[in-house]
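Asker: So the chains spell out like this:
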Amino acid sequence: MVIFVDAWLLITIILGFAMAWAIGANDAANSMSTAVGAKAITPKQAVLIAGVLEFTGAYFFGKSVTETIRKGILYPDKITDPQVLIYGSVAALLAATLWLIIATKFGLPVSTTHSIIGGIAGYGIVYAGMSVVNWGKMTQVVLSWILSPIIGAIMAYLVFKALTRSIFRSSNPVRSARLWSPFWIGLAFVVIGTMFYIKVLHGKDLKTGVLMYGIPVGFVVFLVTYSLIRLRFPSSDPFIGVESIFRKVQVITSGYVALAHGANDVANAIGPVAAVYAVASMGMAGMKVPVPRWILALGGLGIAVGVATYGYRVMETVGKKITELTNTRGFTIDFSAATVVLVASWLGLPISTTHTVVGAVIGIGLARGVKAINTDIVRDIVISWFVTVPVAGVISAALFKFLMFVG
Amino acid sequence: MQVWTKLFAKSPFKPLIKHADVVLETVETLEKALRAWYDGNYDEMKRLALEVDRLEDVADRIKEEIRDSLSSKLMMAVSREDVLIYLHMQDKVADAAEDTAKWLLVKRPDGIPDGIKGIILQMGTESIKAAKLVYDAIVQMDRVIESGFAEGEIEREYSLIRQIESVENEIDGLDTKLMQLVFENADELNWAEGFYILNIARTLSNISDKAKDSAERIRLMMNK
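Those protein sequences? They're chains E and S, same order as listed.
The first sequence begins at 771 in this note's numbering and counts up by one.
The second sequence begins at -17 in this note's numbering and counts up by one.
This is chain S alone, in the form it adopts within the complex (with noise of 0.2 angstroms):
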């Protein structure tokens, strides 16, 4: 038994970069499942979807190991609490992804105006964005400790959580038109279409929601 190969801990870094990984992945096939579903592309997007629904579960597992091996004893970087609330956030990421796969899942989008569609395909692009960033954010982070923190590398971050943040005003504005576009074709959509539209829209603009909420856990752990 040597002390000298316990005094230092496995860096939480890497498997939170894991976990971003899974994330990242979650996200990017949601892109495709929704771009599938724009082409009307029925039996594609349902691969997709429970692509996603797979893996969230993986995402979930890395979770549940870092949390585990995360223990209070460890003197680190940055504080338990930021690493774990972070964590919990960027899981979020991949559970607002998983809650959209299963909108998507619910009926055929059969019926529903080219207009709509391409302002939901545009959300769905402009949400995920933020939560890929979430991606170069954490690795960023792991740069950042590794400097020294160095102002240099603070700066980039500081960019990317910008980055991460300005996506939620466009995600606003497209909401606001969504909504319009939706009351003023009231007359040809029924209400479970109507249901069905504004669901995916809110569950994708919760995944860049999340997003920012992890790129705020990020700015909280370089001041700790």
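So that you can see chain E by itself, here it is in the shape it has in the complex (with noise of 0.2 angstroms):
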């Protein structure tokens, strides 16, 4: 029995690093499009931000508890056999892989938590039917299909507005862009700063992380980023003055999406790895197991060589071809994601990036910030999002049924 589960252990720790690469190759390019696009970074530059960034953000930033069955889509009871989990985990990594994989090669911007909730509902079915699901939580995921892009356009349409009227409203635009883009990346740096301290320094009162570490934090960065951009930026046009401040910006708004879905996204692969590795170690072990570190960094590695192998070609074609995103937008765009997947997976809600930032645009859109968006590629985007489960269920599924034959 030992021998057989570490051997499970190292075809599960493969598994969750392929899963991760996947995450980098399809994730890292829809959160780091916009700042390609708007041409405020190289592609590869993008590759070496998300790189380090995804690593950052997965490494310290990760859930450092998972549950056994991810987000709890299965009633953990049910399935008390060892071998079920373990095969299951490698059945629902490979499913949401291939399909990740997939997606990518047609350039569909799906969601990695989608792709894994999939894959464990559908090995559990096989397993041991419909009843197994919980469907409460699945409908809280299926919610999230509709609340990411909703929260997400909501927010961006918000910040769009409030970033116009402080800068494009006033008499002197390039001024107002070099007092509030600190302001926006002060902002920013509030939320990683807090986030430092629950997940980091594993703070629990909220009041503290804001008080003590979010606006210090924040108010540096403000003070750092304003004497910077204090420095000259030469344009009679105030419009071309106010792009090339957040042409800059943009810089570290991309590296804070890259670190938002780092831990985000991090747990869908090194989740089943965690929930192998508790078995492996300790016996089938409850709901919530603990993740180690080297998981974290083994899922931020994958996830990291993932952007450097595959995402990369996709942001060089995403770059040449964008080119009607300006800074601002795409600032706006990826400012508000990164905040709404940030505090939604410290709130434990289940976001998906990938919705967040779709959302996002068309957020944009209805703000009239954006000059054409083509809604027949949205509809393409939305259906792509609504087969994700389904058809990483059923890939799982044939998998597991394939495993439980052959072992």
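Think of the hints as simulated: they come from the structure by calculation, not from any bench.
For glycine and all other residues, C-beta sits at the position ideal for the given N, C-alpha and C.
There's no promise every hint is true.
As the list claims (entries may be wrong) - Not the full set, but computed from the structure, chain S residues with beta-carbon under 8 angstroms of chain E: (1) W(-14); (2) P(-6); (3) Y20; (4) D39; (5) V40; (6) M58; (7) I127; (8) G134.
As the list claims (entries may be wrong) - Here are the simulated lysine-lysine pairs, BS3-like style, with alpha carbons at most 30 angstroms apart: (9) E:K809 x S:K55; (10) S:K(-8) x E:K931; (11) E:K1090 x S:K(-4); (12) E:K1090 x S:K55; (13) E:K1091 x S:K(-12); (14) S:K(-12) x E:K809; (15) S:K(-12) x E:K814; (16) E:K1091 x S:K(-8); (17) E:K809 x S:K0; (18) E:K931 x S:K(-12); (19) E:K875 x S:K55; (20) S:K0 x E:K875; (21) S:K(-8) x E:K814; (22) S:K(-12) x E:K1018; (23) S:K0 x E:K814; (24) S:K55 x E:K1091; (25) S:K(-4) x E:K931; (26) S:K28 x E:K809; (27) E:K977 x E:K833; (28) S:K(-8) x E:K1018; (29) S:K0 x E:K1090; (30) S:K55 x E:K931; (31) E:K814 x E:K875; (32) S:K(-12) x E:K1090; (33) E:K1091 x E:K814; (34) S:K(-8) x E:K1090; (35) E:K1091 x S:K(-4); (36) S:K14 x E:K809.
Put the complex together from the two separate chains, hints included.
Answerer: And the structure:
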């Protein structure tokens, strides 16, 4: 039994790494596309930023505790056989990875969270029937299909309105941009600082986090950015001046997105690994298992490698083809999506980074900020969201059957 | 295939401005032709009037391209209908310029009293001024969107629109004056010359008319 479990642990680790790779390949492009498209960063820089910050986000801000069954989508008491949990985790990981690779191939921005959930539900249903699925949880997940883009859209709409009000409506937009862009970056760092307190220092009190970590960090970052931006931005046209300031700002916000994404999505790859590891090290171990740091590092590394090997190509295409996105818009999308994802992941809401980013794009469109959005493409993206859970589920179910049959 | 690259569609404003650019060139050429006509430089006028004709064709082609590319599946900052109608109106400015060019080519302007020629030149200058402002207005519209509909930019746009509209009054005044002159000089002019003069005047004032229609559509774009 011990040798059996160890062998499967190794396989799970490899698959977890593969899944992390697929997340890097698919999602990094989704979260960095706006910055690359608005020409704030080159694809090479995007890879570097995404690689480092996805890893940082995953390693430091990734969940240190995970459910044996991701998001509690199955009733754990109905799966008592460790072998089922191991085979199931392997099947779910492989299915989610395959689906992500297919989606990446077709350039569809799908949710990694939904892929893994589909995979888990798939093996669960094959093993113990429909009743094993916690449909309440499933409904929550399905709601997040709708909620993530809506919250992303509302946030981007508000941020865009606030941004244009504070900058473009003033008599001197460049001067306002010099003052307000550090403010937005400072705000991002208030969120990051608070997250640091909660995730890394395991602080419990939100107020302490915001007051002692978030606000001071944000304020320091505000001062540093403010003094940096005071340096010359030569331009006679205020609009070009504002955009050139936000081009610099977007370098930071794209990193913010990568950080948020790493923190939120790494669990999708390493959750099942942690579950199998728990079984291997201490037998069946209840609903929640700790995630060792090295597993988080493994996930972060996998994502970084995915970005570097495949995400790079995607971003190169995107960088060449998106020409209609200005830096203030790109910034709004990045800032809104990252903030929503970070806050939601810390509230434990099942939110999808990808869906939030797409929602943010729509939000700016609704605020009349983007000159033209292809609603045909939006429809394709939404359809891809609806098929993610069932497709990952079916693939996982088949793999699970096969494993049970062979094993 | 990357969905991201297609999510953001091409802005209709760049091609609209390109079209406006050609229309601007058309009316500027017409202005030069009108001056050559006034100076009695018939050969130069003929060359320029033919150039107006050619430029109008270019504008037409760009118009078709924009129409084909504006799918109804786009979510835009301004309504698709406004963009299409605006484009139609902007194109009509070039059409009107071409009409004038055609009338200029009909005959040599010998025997037209200088006073009448002077007023026609003045009408042309005014009318073409409105057409030139249309270019500024559509460029400004792009900035209005870029600024997230900032009040300052909207105000600048309104002031351009008002300028275009005010040209209309001046043209009306000149038109009346021209009529009076034509009838005062009725004895020196034959019917063909009278017909020629009045048609040039009519097509010229038509340019500012269409410019005004374009400006009105920009006003609607801002309101959506």
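Asker: Does each hint fit the structure? Answer for all of them.
Answerer: Structure-based check of each hint:
{"no.": "1", "hint": "W(-14)", "in the structure": "4 angstroms, holds"}
{"no.": "2", "hint": "P(-6)", "in the structure": "6 angstroms, holds"}
{"no.": "3", "hint": "Y20", "in the structure": "38 angstroms, violated"}
{"no.": "4", "hint": "D39", "in the structure": "27 angstroms, violated"}
{"no.": "5", "hint": "V40", "in the structure": "24 angstroms, violated"}
{"no.": "6", "hint": "M58", "in the structure": "5 angstroms, holds"}
{"no.": "7", "hint": "I127", "in the structure": "6 angstroms, holds"}
{"no.": "8", "hint": "G134", "in the structure": "7 angstroms, holds"}
{"no.": "9", "hint": "E:K809 x S:K55", "in the structure": "26 angstroms, holds"}
{"no.": "10", "hint": "S:K(-8) x E:K931", "in the structure": "23 angstroms, holds"}
{"no.": "11", "hint": "E:K1090 x S:K(-4)", "in the structure": "18 angstroms, holds"}
{"no.": "12", "hint": "E:K1090 x S:K55", "in the structure": "23 angstroms, holds"}
{"no.": "13", "hint": "E:K1091 x S:K(-12)", "in the structure": "8 angstroms, holds"}
{"no.": "14", "hint": "S:K(-12) x E:K809", "in the structure": "16 angstroms, holds"}
{"no.": "15", "hint": "S:K(-12) x E:K814", "in the structure": "22 angstroms, holds"}
{"no.": "16", "hint": "E:K1091 x S:K(-8)", "in the structure": "10 angstroms, holds"}
{"no.": "17", "hint": "E:K809 x S:K0", "in the structure": "23 angstroms, holds"}
{"no.": "18", "hint": "E:K931 x S:K(-12)", "in the structure": "25 angstroms, holds"}
{"no.": "19", "hint": "E:K875 x S:K55", "in the structure": "25 angstroms, holds"}
{"no.": "20", "hint": "S:K0 x E:K875", "in the structure": "36 angstroms, violated"}
{"no.": "21", "hint": "S:K(-8) x E:K814", "in the structure": "25 angstroms, holds"}
{"no.": "22", "hint": "S:K(-12) x E:K1018", "in the structure": "25 angstroms, holds"}
{"no.": "23", "hint": "S:K0 x E:K814", "in the structure": "34 angstroms, violated"}
{"no.": "24", "hint": "S:K55 x E:K1091", "in the structure": "19 angstroms, holds"}
{"no.": "25", "hint": "S:K(-4) x E:K931", "in the structure": "24 angstroms, holds"}
{"no.": "26", "hint": "S:K28 x E:K809", "in the structure": "48 angstroms, violated"}
{"no.": "27", "hint": "E:K977 x E:K833", "in the structure": "21 angstroms, holds"}
{"no.": "28", "hint": "S:K(-8) x E:K1018", "in the structure": "24 angstroms, holds"}
{"no.": "29", "hint": "S:K0 x E:K1090", "in the structure": "22 angstroms, holds"}
{"no.": "30", "hint": "S:K55 x E:K931", "in the structure": "25 angstroms, holds"}
{"no.": "31", "hint": "E:K814 x E:K875", "in the structure": "20 angstroms, holds"}
{"no.": "32", "hint": "S:K(-12) x E:K1090", "in the structure": "12 angstroms, holds"}
{"no.": "33", "hint": "E:K1091 x E:K814", "in the structure": "16 angstroms, holds"}
{"no.": "34", "hint": "S:K(-8) x E:K1090", "in the structure": "13 angstroms, holds"}
{"no.": "35", "hint": "E:K1091 x S:K(-4)", "in the structure": "16 angstroms, holds"}
{"no.": "36", "hint": "S:K14 x E:K809", "in the structure": "42 angstroms, violated"}
Of the numbered hints stated above, those contradicted by the structure are hints 3, 4, 5, 20, 23, 26 and 36, listed in ascending order.
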